Every structure is written in structure tokens, then in C-alpha cells.
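Engineer: Residue numbers (my numbering), protein chains in the order written: chain A, 1 to 114; chain B, 115 to 230.
Think of the hints as simulated: they come from the structure by calculation, not from any bench.
Any given hint could be a false lead.
Example chain A residues on the side facing chain B (calculated, C-beta under 8 Å, incomplete) [stated by the list, open to error]:
id	residue
1	K42
2	P44
3	L88
4	K106
16 Å max Cα-Cα, derived EDC-like pairs, lysine to aspartate or glutamate [as the list claims (entries may be wrong)]:
id	chain 1	residue 1	chain 2	residue 2
5	B	K136	B	E181
6	B	K166	B	D210
7	B	K154	A	E5
8	A	K106	B	E158
9	B	K155	A	E3
10	B	K155	A	E5
11	A	K67	A	E3
12	B	K132	B	E181
13	A	K67	A	E15
14	B	K133	B	D210
15	A	K106	A	E5
16	A	K109	A	D83
Quick caveat: nothing in here was measured; it's all calculated off a predicted structure.
Beta carbons: idealized from backbone N, C-alpha and C, even for Gly.
Okay, here's what each chain looks like letter by letter:
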Amino acid sequence: QKEVEQNSGPLSVPEGAIASLNCTYSDRGSQSFFWYRQYSGKSPELIMFIYSNGDKEDGRFTAQLNKASQYVSLLIRDSQPSDSATYLCAVNKGSGAGSYQLTFGKGTKLSVIP
Amino acid sequence: ETGVTQTPRHLVMGMTNKKSLKCEQHLGHNAMYWYKQSAKKPLELMFVYNFKEQTENNSVPSRFSPECPNSSHLFLHLHTLQPEDSALYLCASSQDYGGRASNTQYFGPGTRLTVL
Numbered sequence: 001q002k003e004v005e006q007n008s009g010p011l012s013v014p015e016g017a018i019a020s021l022n023c024t025y026s027d028r029g030s031q032s033f034f035w036y037r038q039y040s041g042k043s044p045e046l047i048m049f050i051y052s053n054g055d056k057e058d059g060r061f062t063a064q065l066n067k068a069s070q071y072v073s074l075l076i077r078d079s080q081p082s083d084s085a086t087y088l089c090a091v092n093k094g095s096g097a098g099s100y101q102l103t104f105g106k107g108t109k110l111s112v113i114p
Numbered sequence: 115e116t117g118v119t120q121t122p123r124h125l126v127m128g129m130t131n132k133k134s135l136k137c138e139q140h141l142g143h144n145a146m147y148w149y150k151q152s153a154k155k156p157l158e159l160m161f162v163y164n165f166k167e168q169t170e171n172n173s174v175p176s177r178f179s180p181e182c183p184n185s186s187h188l189f190l191h192l193h194t195l196q197p198e199d200s201a202l203y204l205c206a207s208s209q210d211y212g213g214r215a216s217n218t219q220y221f222g223p224g225t226r227l228t229v230l
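In isolation and in its complexed conformation, chain B is listed as follows (with noise of 0.2 Å):
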């Protein structure tokens, strides 16, 4: 495969489920990020690994919790989720994250995400 995988593409889970989110880069990247979409809002950044170590959190709750073996694995841990978060979550990676090589990211197809 190429470019940045994630699975599942669609998740459907309860408020009180514990699930995961991945992602795969196969483009030889050191940083890798969560974003989340919500409608009608902008993507918002919710954190960034660069070289396996997390270099942003913006804020997000604790029910979101990340999680970078290596640079071409991110997972997202989600437990006891609020239906408001219910969006796409979105995966991106970059060459590195400082300077402007940081800001050509490329996106995966992201996790469609219902908490019901």
C-alpha cells in the first residue's frame, strides 16, 4: 500500500465501548498527527508525533488517548465517548514537524466515527 492507511473507515460504537483507531504511513515520514472534522467546522489539530515522541496535544480530553510505537504507526484510543464526538478523525503525516517541511502533510481517508 501506499501513502497513509487508516482502518477502520467506519466505526460505530457506544458511549461506554473502548475501541482503537489506526494508522499506517508508508511514505517514509517522521511526524505524524490526529485531526479532527466536525461538520461545519474547521479540521481541528488534536496531536502530533514527531519521531515517535508527542510534540502537541491541543487540549483534547483524555478520552482520546494516542499512541506512536514507531514513525509509521499512530493509534488513537477512544473510551467512555460523548455522542458530540461523533466526526471523521483524520490521520496525517509529514516529513518532519519543524520548519516548513512540517506543513506539507498528507492526509489518510480517515475514521468515520458515530457514539451513539
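Looking at chain A on its own, in the form it has when it is part of the complex (with noise of 0.2 Å):
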């Protein structure tokens, strides 16, 4: 079973529509999750982190994390052109070796159709 997997896609989605990226981990252990952001060529960026089950907000992105299924999500509200990249979620392993690790996904590509 892989560590933290993601629908490769891509994914379309229209200009101003939501679009809603999954991630689902293995270490039920788990206990941070990022998701970055990586433009083709360029290196991942943070987009931003969650730690505790339920929603956060940051702008027009919303992290959404439900330990007990071990899935986290992403929501990126108002999709723009410019939001069209891949987005890689990552897991912190949470206990034994090597626990704070970040075991990454192979991230799920994103295109926003303007």
C-alpha cells in the first residue's frame, strides 16, 4: 500500500469553479499535512498546513482533514488560470523512526480552463 496517494489526473476544472484535490495516507500515526504547490520546472511552494481534523481557511484555499477516513483535501474556491499546476500532498510520519519526515505524494495536476 503506497504511503499517501493521489489522483495523478489531471484535473479540469472552469475558470471560478472549486477545485477539490484529494489525498489519502496510510500511517494512521499521521500527524501533520501540507499541501504544495509545484508550477511545471519550478520547486514546491507551501500552500499551507493543518493539524487538527476539520476545516481551515487561508484566502481561497481550505484544507480539510478527517483523521478517522485518513484523507485530507484541498478546496481551492474562485479556480484561476493561474492556479493550474501540481499539487502534492504531504504527510508527517508521526512516530518511529524517522517521524518527522514529510512523505510525499505523487501529486495530482491541476488545470484551470479559462
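Join the two chains into one complex using the hints; note that each chain is given alone, in its own frame.
Structural biologist: Printed below as a string of C-alpha cells:
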């Protein structure tokens, strides 16, 4: 079982719509969850992180965490063409050796159509 | 300069060459990381240094040799690489390694490495 799974996409949404990106993880002890955005040919940049169950909002972005179901999602409201990128989900492994390491998913490619 | 910088940005080398990648962070952080990003694979953590001490080595082949002379600089020395080592090598830094502070990692622009 892959540790962090994301649908590779591409996910296409029209401009102005809500984009919903999902991520599941296998380590039930995971404690911290991150979303990074990576434009083609560029390095990942942190969008937001979430530690507690529920929703966390930052501008047009909302992260949702459900530890019982082991998933974390990212909603992008009023999607813009500039949001077109690959979105990486990253999870802190939680406990044991290397517990402070981030484990990344392969990423979901988002395309916002004008 | 600000943030995390990496040089060179692009590198082409033969399998018998020796080269080094350099990373420098200007954020006052104490932890630095090397990641490998290959096509269609997740980011793979290679090494972690915290306060100049190597904390993690994720079973990386010995042809990759890291060096961290101080908290601001990180090197990755390369020798006798294989074509499958071609990838984007990313450096990152965080406040320290341990607890939640380690999770907020800031990435450099990466070095695109091609091994012929």
C-alpha cells in the first residue's frame, strides 16, 4: 500500500469553479499534513498545513482533514488559470524512525480552463 | 539573496565524472534536506541535516555523498552516477528537525541533473 496516495489527474475545472483535490494516507499515526503547489519546471512551494480535524481556510484555499478516514483534501475556490499546477500532498509519518520526515504523494495535476 | 538557492541549475555529467551540487539558505534555519524528484515518482527524501549533524540517510547509494559545513550550506557530492540518477535534486530547509517546526520546509529551485 502506497503511503500517500493522490489521483494523478489531470483534473480540469473551468475558471471560477471550485477545484477539489484529495489525498489519502496509510499511517494512522500521521499528525501533520501539508499541501504544496509545484508549477512545471519549478520547485514545490507551501500552500498550507493542517494539524487538526476539520477545516482550515486561507484565502481561496481550504484544507480539510479527517483523521478517522485518513484523508486530507484541498479546495480551491474561484479557480484561476494561474492555479494550474501540480499539487503535492505531504504527510508527517508520525511515530517511529524518521518520524519527522515528510512523505509526499505523486501529486495531482490541476488544469484551470479559461 | 533570499530563501533557498541552489547551484548549478542544470548539470550534465558522464558516469565517470565527479561533480557537486550546492545549496545555501538565507532563512536562519537549522535543518537542511536533499530530495530527489524523478518523473512520475513522489519526492524522495535522501538526507537530513540538523544543526550540521546528519540525522537521516534514507538508504541512499554511496555514490551520493552529502556535506554540511554549517547550518547555511549543504552540498551533495556526486561520483560514478548512473543514468537512472537523472532527476531534479531539490534542497530544502526548515527551522529545525523535530516536531512541527520541521514540517514547514522551504524548497530551493532545484538542480536538473542528467547523467549520460
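Engineer: Look at each hint and say if it fits the structure.
Structural biologist: Outcome of the hint check:
no.	hint	result
1	K42	holds, 7 Å
2	P44	holds, 5 Å
3	L88	holds, 7 Å
4	K106	holds, 5 Å
5	B:K136 - B:E181	holds, 10 Å
6	B:K166 - B:D210	holds, 11 Å
7	B:K154 - A:E5	holds, 13 Å
8	A:K106 - B:E158	holds, 10 Å
9	B:K155 - A:E3	holds, 13 Å
10	B:K155 - A:E5	holds, 11 Å
11	A:K67 - A:E3	holds, 14 Å
12	B:K132 - B:E181	holds, 15 Å
13	A:K67 - A:E15	violated, 31 Å
14	B:K133 - B:D210	violated, 28 Å
15	A:K106 - A:E5	holds, 7 Å
16	A:K109 - A:D83	holds, 10 Å
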